[in-house]
Structures are given as structure tokens and as C-alpha cells.
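Engineer: Sequence:
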Amino acid sequence: MPISRFKISIFILSKYNIHLMATLCWYCRRGGSLFKVPEVLIPPTGARVMSLTDGLSKMSKSAPSDQSRINLLDPKDVIANKIKRCKTDSFPGLEFDNPERPECNNLLSIYQLVTGRLKEEVASECQNMNWGTFKANLADALIDHLHPIQARYEEITSDPGYLDRVLMEGASKATDIAEVTLSNVYQAMGFLRR
787 MPISRFKISI
797 FILSKYNIHL
807 MATLCWYCRR
817 GGSLFKVPEV
827 LIPPTGARVM
837 SLTDGLSKMS
847 KSAPSDQSRI
857 NLLDPKDVIA
867 NKIKRCKTDS
877 FPGLEFDNPE
887 RPECNNLLSI
897 YQLVTGRLKE
907 EVASECQNMN
917 WGTFKANLAD
927 ALIDHLHPIQ
937 ARYEEITSDP
947 GYLDRVLMEG
957 ASKATDIAEV
967 TLSNVYQAMG
977 FLRR
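Here the sequence shown is numbered in the numbering used here, starting from 787 and rising by one per residue.
To be clear, the hints were calculated from the coordinates, so they are not data collected in a lab.
Mixed in with the good hints there might be a few duds.
[Stated by the list, open to error] As a list, the in silico BS3-like pairs of lysine-lysine whose alpha-carbon atoms are at most 25 Å apart:
| # | residue 1 | residue 2 |
| --- | --- | --- |
| 1 | K801 | K822 |
| 2 | K847 | K793 |
| 3 | K822 | K844 |
| 4 | K801 | K959 |
| 5 | K905 | K921 |
| 6 | K921 | K862 |
| 7 | K793 | K873 |
| 8 | K822 | K862 |
Bear in mind the structure is a predicted one, so any value in this text is a computation, not a measurement.
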């Protein structure tokens, strides 16, 4: 289960409830399993993307300035403008993991994330770049990365009934699965179904 490091407490509570159920239920104590125990997955890169206006604060849709973030549906020219105007520093060259350069680390991490390259490859490619060249590359990479998402959004919103059909199908499948699971829980706990 992909999860933000800030949501781990909810994940731990879910895991605790599954284990509690297993200790209370005779079926589970005999080796049976009612629920899948989730495993946490925290991606090494991109789990926390920082603001374009402050490399020490998290990028957030609730931030007052739209300039601080890239929205999934931002047009190409808006993305390019936000990247062009984002906060940088005056040090020569670009490098990861320098605590004195949080904005540099943030922008390189975003570039690494959207290009799918290894950190070492990005560091090698960008170490001698100036900000103007790098920002143009980053804007192009972001635009390319977001294009399929934006195209799919346009496709979905062009058919008003599509979302309703997907929701109905999903609700039907979820109901079928939930009924089987609930029936198994009732049986394992020794409850009678009405």
C-alpha cells in the first residue's frame, strides 16, 4: 500500500485491528485469515515534494500561492512559467543533498521523479548546468510527464455518463466483495446473519 510517512499512524491502526481480530477469532487462531495484512510502501523519491517557492515546505494544494505548486491540469504555458519563476539560489552548478540548497535539491528531485532516471544520472547530467538551462529541461519533462494524465482527464470529462458507469460498476464489485468478507467475519466470530 503506497502511503505518505505522515499517514503511517492510520496504517498502523489498520494493522493493529487486523491482528486484534485474529486473536479474538477462533478461525484465525487456527491459521485462517479473514483480511490481508497490508504492507507499507514509501517510495524513496517523490514521497514528499517540496514547494516551488520554498524548498523547506511541502508542496500543497492548500498553499495560498498557486505559484508554489504544479497542478495536474495546469496548461503547458503555466507550468513553464511556474518553473521559470520558482525560487533558486546563486551557487554555481546543481547538486543533490546540500542542506544549504533546499530548492536545488527539490527541483533536481522533481526532475528525477518525472524522468524516471536514477539520482546519479540526474546529478551527472545536471552538475554543470545553469539554472536557465535546467529550468527549461525541467519544464519540458514536467509537461511530458503530465500530458497523459491531462489527455485522460479530457477523455473522461468529454463523456458525462462515463464516470457514472464507472462508479456503478465499482460499487457493484465492492458490494460483492464486501458481502463475502462480512459473511466470513460473521461466520468466524460465530454471529448469525439476519
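Engineer: A separate judgement is required for each hint: does it hold in the structure or not?
Structural biologist: We went through each hint and held it up to the structure:
| no. | hint | in the structure |
| --- | --- | --- |
| 1 | K801 to K822 | holds, 9 Å |
| 2 | K847 to K793 | holds, 17 Å |
| 3 | K822 to K844 | violated, 32 Å |
| 4 | K801 to K959 | holds, 24 Å |
| 5 | K905 to K921 | holds, 17 Å |
| 6 | K921 to K862 | holds, 14 Å |
| 7 | K793 to K873 | violated, 28 Å |
| 8 | K822 to K862 | violated, 42 Å |
Violation of the numbered hints given earlier is confined to hints 3, 7, 8; the remaining hints are satisfied by the structure.
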